[in-house]
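So in my numbering, spot 26 of the sequence shown is number 49, and the numbers just go up one at a time.
It should be emphasised that the hints constitute simulated quantities derived from the structure, not laboratory data.
Do not take every clue at face value.
Ranges of calculated distance between the beta carbons of each label pair, as one might list FRET restraints [what the hints assert, rightly or not]:
1) THR40 with PRO84: 38 to 48 Å
2) ASP147 with SER115: 53 to 63 Å
3) GLU38 with GLY100: 35 to 45 Å
Glycine included, each C-beta is placed from N, C-alpha and C at the ideal position.
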Amino acid sequence: MRFSTPKRSHLVRLELTAMIDVVFLLIIFFMTTAQFVQRARASLELPVEVGEKESELATPPMVINILNEPYQPFVVGQNRIGRNELLELVDSELDRFLIGGGRIEDFEINIRADRSAASQVLNDLGAAFRDRGITRWRLSTQQP
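Between the sequences and the hints, there should be enough to build the whole structure, so can you do that?
Quick look at the structure:
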């Protein structure tokens with residue numbers, strides 16, 4: 024009598040190398056985008072206004088935070104700076120934007136000013152922008 028030998032089942036070989044690569048790419052992507060979000064972070068109490076809906080921009084605007092502080096009231100990224108340093112930074116960002124083929128009419132700045140900050144600081148900043156030919160700047164507010 025002949026007994027049949029058990030048939031071996033062929034398992035599909037699963038390659039995890041490509042999946043691991045994809046997971047690492049996703050981790051790198053989310054870590055990078057999280058860093059971009061941090062550049063606009065500062066603890067502020069924004070004015071309450073209706074405002075307009077956010078628009079999708081090809082290049083994100085420069086974000087300036089204005090604190091209620093007498094010295095170094097501006098925060099760009101994680102750096103607290105004074106007025107002169109801020110204007111030097113705006114000039115360098117504007118130069119980089121223009122060298123990259125942008126038009127000065129398309130250069131945009133987003134200002135996040137604390138509600139309790141002096142309005143004179145904002146007015147002086149607007150005048151400095153006007154002197155540089157910057158006409159597009161927005162003031163961030165909270166929705167009521």
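Results of checking the hints against the structure:
no.	hint	in the structure
1	THR40 with PRO84: 38 to 48 Å	41 Å, holds
2	ASP147 with SER115: 53 to 63 Å	20 Å, violated
3	GLU38 with GLY100: 35 to 45 Å	42 Å, holds
Hint check: a violation occurs at hint 2 only; the rest are consistent with the structure.
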